[in-house]
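*Asks:* Okay, here's what each chain looks like letter by letter:
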Amino acid sequence: MSVDTILSFDEAMEKYDPVLGFEVHVELNTKTKMFSSAPNEFGDEPNTNVNEVCLGLPGVLPVVNKKAVESSILIGLALNCKIAEHCTFARKQYFYPDTPKNFQTSQYEDPICYDGWLDIELEDGTVFRVEIERAHMEEDAGKLTHMGGATGRIQGADFSLVDYNRSGVPLVEIVTKPIEGAGSRAPELAKAYVAAVREIVKNLGVSDAKMERGNVRCDANVSLRPHGQEKFGTRTETKNVNSLRAVENAVKFEIQRHAAVLDSGVLITQETRHWHEDTKSTTSGRPKSDADDYRYFPEPDLVPIVTTAEWVEELRSRLPEPPAERRKRLQSDWGYTDLEFRDVVNAGLMDEIEETVAAGASAAAARKWWMGEIARRAKVADVDPAALGVTPAVVVEIEKLIAAGSINDKLARQVLDGVLEGEGTPAEVVAKRGLAVVSDDGALQTAIDEALAAQPDVAEKIRGGKVQAVGAIVGGVMKATRGQADAGRVRELILKTLGVEG
Amino acid sequence: MSATDLIRFSAADMAAKLAAGEITSVQLVQAHLDRIAAVDGGDRGVNAFLHVNAEEALAVAADVDARRAAGEELHELAGVPIAVKDLIVTKGQPTTAGSKILEGWMSPYDATVVKKLRAARMPILGKTNLDEFAMGSSTEHSAYGPTRNPWDLDRIPGGSGGGSAAAVAAFEAPLALGTDTGGSIRQPGAVTGTVGVKPTYGAVSRYGAIAMASSLDQIGPVSRTVLDSALLQEVIGGHDPFDSTSLTDPSTGLADAARLGNVAGMKIGIIKELHGEGYQAGVENRFNESLELLRGAGAEIIEVSCPNFGYALGAYYLIMPSEASSNLAKFDGVRFGLRTLPTEGPLTIERVMGATRAAGFGDEVKRRIILGTYALSAGYYDAYYGSAQKVRTLIQRDFAAAFAQVDVLISPTAPTTAFKLGEKLNDPLAMYLNDVATIPANMAGVPGLTLPGGLADEDGLPVGIQLLAPAREDARLYRVGAVLESLLEAQWGGPILDQAPPLAESVVEPVETAAKEAK
Numbered sequence: 001m002s003v004d005t006i007l008s009f010d011e012a013m014e015k016y017d018p019v020l021g022f023e024v025h026v027e028l029n030t031k032t033k034m035f036s037s038a039p040n041e042f043g044d045e046p047n048t049n050v051n052e053v054c055l056g057l058p059g060v061l062p063v064v065n066k067k068a069v070e071s072s073i074l075i076g077l078a079l080n081c082k083i084a085e086h087c088t089f090a091r092k093q094y095f096y097p098d099t100p101k102n103f104q105t106s107q108y109e110d111p112i113c114y115d116g117w118l119d120i121e122l123e124d125g126t127v128f129r130v131e132i133e134r135a136h137m138e139e140d141a142g143k144l145t146h147m148g149g150a151t152g153r154i155q156g157a158d159f160s161l162v163d164y165n166r167s168g169v170p171l172v173e174i175v176t177k178p179i180e181g182a183g184s185r186a187p188e189l190a191k192a193y194v195a196a197v198r199e200i201v202k203n204l205g206v207s208d209a210k211m212e213r214g215n216v217r218c219d220a221n222v223s224l225r226p227h228g229q230e231k232f233g234t235r236t237e238t239k240n241v242n243s244l245r246a247v248e249n250a251v252k253f254e255i256q257r258h259a260a261v262l263d264s265g266v267l268i269t270q271e272t273r274h275w276h277e278d279t280k281s282t283t284s285g286r287p288k289s290d291a292d293d294y295r296y297f298p299e300p301d302l303v304p305i306v307t308t309a310e311w312v313e314e315l316r317s318r319l320p321e322p323p324a325e326r327r328k329r330l331q332s333d334w335g336y337t338d339l340e341f342r343d344v345v346n347a348g349l350m351d352e353i354e355e356t357v358a359a360g361a362s363a364a365a366a367r368k369w370w371m372g373e374i375a376r377r378a379k380v381a382d383v384d385p386a387a388l389g390v391t392p393a394v395v396v397e398i399e400k401l402i403a404a405g406s407i408n409d410k411l412a413r414q415v416l417d418g419v420l421e422g423e424g425t426p427a428e429v430v431a432k433r434g435l436a437v438v439s440d441d442g443a444l445q446t447a448i449d450e451a452l453a454a455q456p457d458v459a460e461k462i463r464g465g466k467v468q469a470v471g472a473i474v475g476g477v478m479k480a481t482r483g484q485a486d487a488g489r490v491r492e493l494i495l496k497t498l499g500v501e502g
Numbered sequence: 001m002s003a004t005d006l007i008r009f010s011a012a013d014m015a016a017k018l019a020a021g022e023i024t025s026v027q028l029v030q031a032h033l034d035r036i037a038a039v040d041g042g043d044r045g046v047n048a049f050l051h052v053n054a055e056e057a058l059a060v061a062a063d064v065d066a067r068r069a070a071g072e073e074l075h076e077l078a079g080v081p082i083a084v085k086d087l088i089v090t091k092g093q094p095t096t097a098g099s100k101i102l103e104g105w106m107s108p109y110d111a112t113v114v115k116k117l118r119a120a121r122m123p124i125l126g127k128t129n130l131d132e133f134a135m136g137s138s139t140e141h142s143a144y145g146p147t148r149n150p151w152d153l154d155r156i157p158g159g160s161g162g163g164s165a166a167a168v169a170a171f172e173a174p175l176a177l178g179t180d181t182g183g184s185i186r187q188p189g190a191v192t193g194t195v196g197v198k199p200t201y202g203a204v205s206r207y208g209a210i211a212m213a214s215s216l217d218q219i220g221p222v223s224r225t226v227l228d229s230a231l232l233q234e235v236i237g238g239h240d241p242f243d244s245t246s247l248t249d250p251s252t253g254l255a256d257a258a259r260l261g262n263v264a265g266m267k268i269g270i271i272k273e274l275h276g277e278g279y280q281a282g283v284e285n286r287f288n289e290s291l292e293l294l295r296g297a298g299a300e301i302i303e304v305s306c307p308n309f310g311y312a313l314g315a316y317y318l319i320m321p322s323e324a325s326s327n328l329a330k331f332d333g334v335r336f337g338l339r340t341l342p343t344e345g346p347l348t349i350e351r352v353m354g355a356t357r358a359a360g361f362g363d364e365v366k367r368r369i370i371l372g373t374y375a376l377s378a379g380y381y382d383a384y385y386g387s388a389q390k391v392r393t394l395i396q397r398d399f400a401a402a403f404a405q406v407d408v409l410i411s412p413t414a415p416t417t418a419f420k421l422g423e424k425l426n427d428p429l430a431m432y433l434n435d436v437a438t439i440p441a442n443m444a445g446v447p448g449l450t451l452p453g454g455l456a457d458e459d460g461l462p463v464g465i466q467l468l469a470p471a472r473e474d475a476r477l478y479r480v481g482a483v484l485e486s487l488l489e490a491q492w493g494g495p496i497l498d499q500a501p502p503l504a505e506s507v508v509e510p511v512e513t514a515a516k517e518a519k
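Residue numbers (UniProt numbering), protein chains in the order written: chain A, 1 to 502; chain B, 1 to 519.
These aren't lab readings, by the way, just hints derived from the structure by calculation.
As the structure is a prediction and not an experimental result, all values here were calculated from the model.
Cβ coordinates follow ideal geometry from the N, Cα and C atoms, glycine included.
One or more hints might be untrue.
Computed list of chain A residues with no C-beta within reach of chain B, every gap over 10 Å [said to hold, decoys possible]:
(1) GLU41
(2) ASP163
(3) PRO178
(4) SER243
(5) GLY265
(6) PRO323
(7) ALA324
(8) ALA387
(9) GLY389
(10) ARG491
25 Å max Cα-Cα, derived SDA-like pairs, lysine to any residue [said to hold, decoys possible]:
(11) A/LYS466 with A/LEU452
(12) A/LYS92 with B/THR245
(13) A/LYS328 with A/ALA375
(14) B/LYS91 with A/ASN47
Chain A is faced by these chain B residues, among others (derived, beta-carbon under 8 Å) [what the hints assert, rightly or not]:
(15) LEU102
(16) TYR109
(17) ALA209
(18) SER214
(19) PRO241
(20) SER244
(21) ASP332
(22) VAL334
(23) PHE336
(24) MET353
(25) THR373
(26) LEU376
(27) SER377
Full structure from sequences and hints, please.
*Replies:* This is the structure:
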């Protein structure tokens with residue numbers, strides 16, 4: 001594999017203006033596939049979630065999944081797209097063994113969603129509008145694994161394995177218009193755009209939106225042109241960049257590589273590129289030209305999809321609050337500083353804190369627990385805080401126990417441990433571990449009497465007016481009650497016992 | 001009752017005799033298996049069947065007989081056997097589409113129409129021969145040898161469904177299923193003296209019919225009488241959620257229409273463009289005779305013009321291969337069917353696909369795949385596929401205008417009677433012209449029926465009369481067809497097939513074994 005020369009990013013930016021474009025494929029989480037009744041499940045035994053339709057056996061016909069159409073419209077609406085009143089499917093034809101029919105049923109001339117936009121907020125708050133060309137429905141291909149051979153590709157492999165579980169899974173492909181004017185923020189914008197799309201489809205509940213599983217896949221198009229030139233340069237399309245960081249890095253790398261190629265006086269080859277996470281670089285894929293002939297023609301086995309205004313409006317009424325607006329509202333409701341709020345967002349704990357507040361905790365307490373003890377334990381366990389096993393209800397209950405004086409902060413941490421160890425609800429953990437603050441004055445009085453008897457000289461000092469010496473007696477009582485006493489109450493009782501005003 | 005008598009009944013009469021307890025389904029199925037064994041195999045056999053399904057057919061028959069004996073209420077056609085064109089997938093029997101590329105392939109699922117046959121408890125006798133992937137008008141493009149016309153074993157039985165038509169004409173089955181993309185049910189019906197119907201597009205589910213051209217394909221009935229086709233269409237028709245192009249209309253009222261028995265006051269249109277020049281004199285004579293009979297029965301005969309029908313054949317030969325090139329892409333040796341490795345050079349996936357398709361497809365299939373691939377290619381799409389779709393719209397308008405004037409249209413089904421085997425094999429254009437009168441119905445999605453119109457004077461071979469009706473008005477075909485059939489049979493003194501020369505029966509081994517080993 002030859003290593004490409006690249007220019008430094010700053011130098012590339014000095015000389016050239018990048019133009020981006022994205023094709024993001026979103027796998028829908030419908031129960032069944034796009035055109036067949038086979039289950040749409042990730043991670044099952046290969047070739048078990050298949051039937052004759054998604055295997056493309058002779059004689060089969062497709063039937064459109066209505067739920068997938070609804071999910072597609074929801075995505076379109078969330079991307080501020082127009083929804084076609086009438087649209088059709090088409091066959092995109094190419095011979096490749098991941099596509100059992102040797103054509104992919106997709107949409108071509110008339111996508112279901114078109115002409116939308118999405119405002120992308122960059123880290124410093126700059127808002128960048130990305131225009132959406134279209135969002136269309138199609139089916140996923142099967143998954144090929146090439147065994148043997150040097151390249152990991154079908155050419156040169158000893159044999160290839162295919163899993164058709166993914167064949168026919170509903171996809172929505174979201175295509176942007178060319179994105180101009182991002183300048184040196186192009187890599188950051190790329191990452192933020194894909195993150196925003198991912199957040200939208202997750203929020204809509206139409207996709208599991210896990211990039212590591214390929215639920216959201218991004219092909220990133222990059223071209224460079226000299227500053228001031230209107231005509232776009234030749235683009236490359238980097239395929240299947242499967243993490244947000246990879247999107248940013250791949251765009252950055254391609255900008256640097258293009259700049260070096262152009263500087264050397266060579267033309268960019270229009271082609272697909274493959275991103276390699278290990279080397280943080282791309283390698284040449286297959287040549288791709290606008291004249292690639294997929295021999296598209298209208299899918300004769302399917303009738304057109306007609307969307308009525310009532311249907312679209314009904315779907316629109318199901319739309320959740322747009323993520324950016326929701327963030328603004330929550331920060332204001334919770335009264336977090338910008339820094340506090342960004343930390344919450346970056347930790348991915350916005351949903352948990354919202355639920356915790358909704359369940360009755362204060363915003364401050366919710367943040368304290370999720371960003372503190374829970375996040376710390378999650379880090380130790382190497383899991384997402386949300387996946388640790390603490391529910392908003394647990395946080396609320398612990399807070400209530402503290403407020404009622406039943407436990408103190410130190411005991412609360414032990415309660416959390418108990419909950420995580422499966423000992424039950426916080427109240428149950430308190431009972432089982434005997435963690436309740438000792439608030440029985442009788443029991444405390446006995447401990448106080450014993451502590452005073454053990455330190456008669458201290459008792460005498462207090463009687464004599466040295467009230468600050470009471471700490472030593474309090475300490476003795478706390479020790480005797482293994483920390484389970486309410487220190488404030490202990491102090492009161494000591495002073496009362498000695499007849500001293502506190 | 002002798003076995004010879006049994007097989008010559010119509011399906012409706014067989015059903016009546018079964019219901020009356022005069023015969024059993026096992027007797028009926030066995031009689032047909034015996035007939036298949038006697039006339040289908042050998043050098044001069046009809047070769048209508050690619051697979052004979054003796055064991056299952058007899059088991060279904062025995063089950064029907066037992067249920068009937070137990071007093072169970074059964075479907076009208078329960079126990080009446082049927083043959084299925086080998087383009088339609090069946091569990092338990094191979095489905096080849098007449099192609100080497102699917103030799104021995106066993107479908108893991110049943111076509112919707114096959115499920116309906118099973119639900120009606122109709123024993124399936126076997127799978128019938130066809131031009132490879134239904135591409136042809138003579139059944140000579142079958143990879144398993146041509147079917148012979150029972151009227152003259154040196155002649156073609158039509159195509160692509162020559163197997164189904166010949167099986168019915170040779171009394172090897174009372175009923176059969178066919179598929180019709182440009183005439184594959186009707187043209188074989190015409191040249192074998194049988195009845196065949198291409199229903200309205202969407203009236204019968206296509207699920208499980210191996211697609212040639214999805215927007216044109218339609219499954220339909222093949223029989224010896226108009227009523228039998230009506231009964232069979234009622235069994236196989238109706239909405240199917242597995243076929244998005246399937247209509248929601250119920251499949252009822254067709255047999256009633258066939259039994260109605262009058263055409264008085266109906267307006268019947270002769271299509272100016274579908275007779276005369278290019279049509280054999282004997283065909284033209286029988287056509288005129290049918291017009292006179294209908295006129296005599298009180299129908300009004302009007303001439304209508306469908307000026308764009310002249311472009312139908314050309315447009316058809318762009319749309320059909322375009323869709324076929326796509327539908328046949330799945331036959332690549334990767335997942336099922338034949339796999340052929342290249343004899344030399346590197347072993348890549350593309351080359352294995354190429355070698356498989358080179359070895360597995362016949363010339364006509366390759367011809368159409370190449371035509372279709374070309375017609376859909378960038379830069380040619382608008383001129384070819386696009387223009388052809390426009391012609392299709394014009395043909396639909398011609399039909400709409402014609403049906404504004406008349407209730408049904410009438411024409412000869414095919415321009416000629418059956419030609420000799422091999423006669424047109426090397427002249428694809430001459431072969432394609434056989435479908436000139438049947439193609440317009442597919443292009444517009446309207447239903448068409450063929451029934452025997454008598455024998456041509458010059459060669460004594462059957463002539464087909466075609467009736468066409470507006471979409472979803474299949475009942476009109478059965479109504480008019482049954483009336484014309486009875487008028488003609490009154491003239492002939494019986495069914496036209498009574499005039500067919502008897503087939504030499506090879507006296508063979510014990511029948512059951514023979515049936516199983518027929519192929």
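*Asks:* Hint by hint, note whether the structure agrees.
*Replies:* Status of the hints after comparison with the structure:
The claim that A/GLU41 lies off the interface holds: its Cβ sits roughly 21 Å from the closest Cβ of chain B, which is beyond the 10 Å cut-off. With a cut of 10 Å on Cβ distances, A/ASP163 stays outside the contact zone with chain B, its closest approach being about 13 Å. At roughly 22 Å from the closest C-beta of chain B, the C-beta of A/PRO178 stays outside 10 Å, upholding its exclusion from the interface. Residue placement check: A/SER243 keeps its beta carbon more than 10 Å from all beta carbons of chain B (closest about 30 Å).
With a least beta-carbon separation of about 32 Å from chain B, A/GLY265 lies farther than 10 Å from that chain, consistent with its non-interface assignment. Distance check on A/PRO323: its Cβ is at least 36 Å (rounded) from any Cβ of chain B, clearing the 10 Å threshold; non-interface status holds. Against the 10 Å criterion, A/ALA324 stays outside the reach of chain B, whose nearest CB is about 39 Å from its own CB. Every Cβ of chain B is farther than 10 Å from the Cβ of A/ALA387; the closest lies at roughly 39 Å, confirming the non-interface assignment.
For A/GLY389, the shortest C-beta to C-beta distance to chain B comes to about 44 Å, beyond the 10 Å cut-off, and the non-interface label holds. Every CB of chain B lies more than 10 Å from the CB of A/ARG491, the least distance being 78 Å, so the non-interface label holds. As the CA atoms of A/LYS466 and A/LEU452 are separated by approximately 15 Å, the hinted pair is consistent with the 25 Å bound. A threshold of 25 Å between alpha carbons decides the hint, and for A/LYS92 with B/THR245 the separation of about 20 Å falls inside it, so the pair holds.
Between A/LYS328 and A/ALA375 the alpha-carbon distance is near 23 Å, which keeps this suggested pair within the 25 Å criterion. A C-alpha spacing of about 21 Å is found between B/LYS91 and A/ASN47, which places the hinted pair at or below 25 Å, so the restraint holds. The criterion of a C-beta within 8 Å of any C-beta in chain A is met by B/LEU102, whose closest approach is roughly 7 Å, and the hint holds. For B/TYR109, the shortest C-beta to C-beta distance to chain A is roughly 5 Å, which falls under 8 Å, so the interface hint holds.
For B/ALA209, the interface hint holds, the least distance from its beta-carbon to any beta-carbon of chain A being 6 Å, beneath 8 Å. Hint on B/SER214 holds. Least Cβ distance to chain A is approximately 4 Å, under the 8 Å limit. Interface restraint check: B/PRO241 against chain A, minimum CB-CB distance 7 Å, threshold 8 Å, status holds. At about 5 Å, the closest approach between the beta carbon of B/SER244 and any beta carbon in chain A falls short of 8 Å, and the interface hint on this residue holds.
With its C-beta approaching chain A no nearer than about 6 Å, B/ASP332 sits inside the 8 Å limit, and its interface hint holds. Hint status for B/VAL334: holds, given a least beta-carbon distance of 5 Å to chain A, under 8 Å. Taken as an interface hint, B/PHE336 checks out: its beta carbon lies about 7 Å from the nearest beta carbon of chain A, inside 8 Å. Interface restraint check for B/MET353: the shortest CB-CB distance to chain A comes to about 6 Å, inside 8 Å, so the restraint holds.
Residue-level restraint check for B/THR373 holds (minimum Cβ-Cβ distance to chain A is 7 Å; threshold 8 Å). Using the Cβ-Cβ criterion of 8 Å, the hint placing B/LEU376 at the interface with chain A is satisfied: the shortest such distance is roughly 4 Å. A cut of 8 Å between beta carbons decides the hint on B/SER377: the least distance to chain A is about 6 Å, and the hint holds.
Checked against the numbered hints given earlier, the structure satisfies every one of them.
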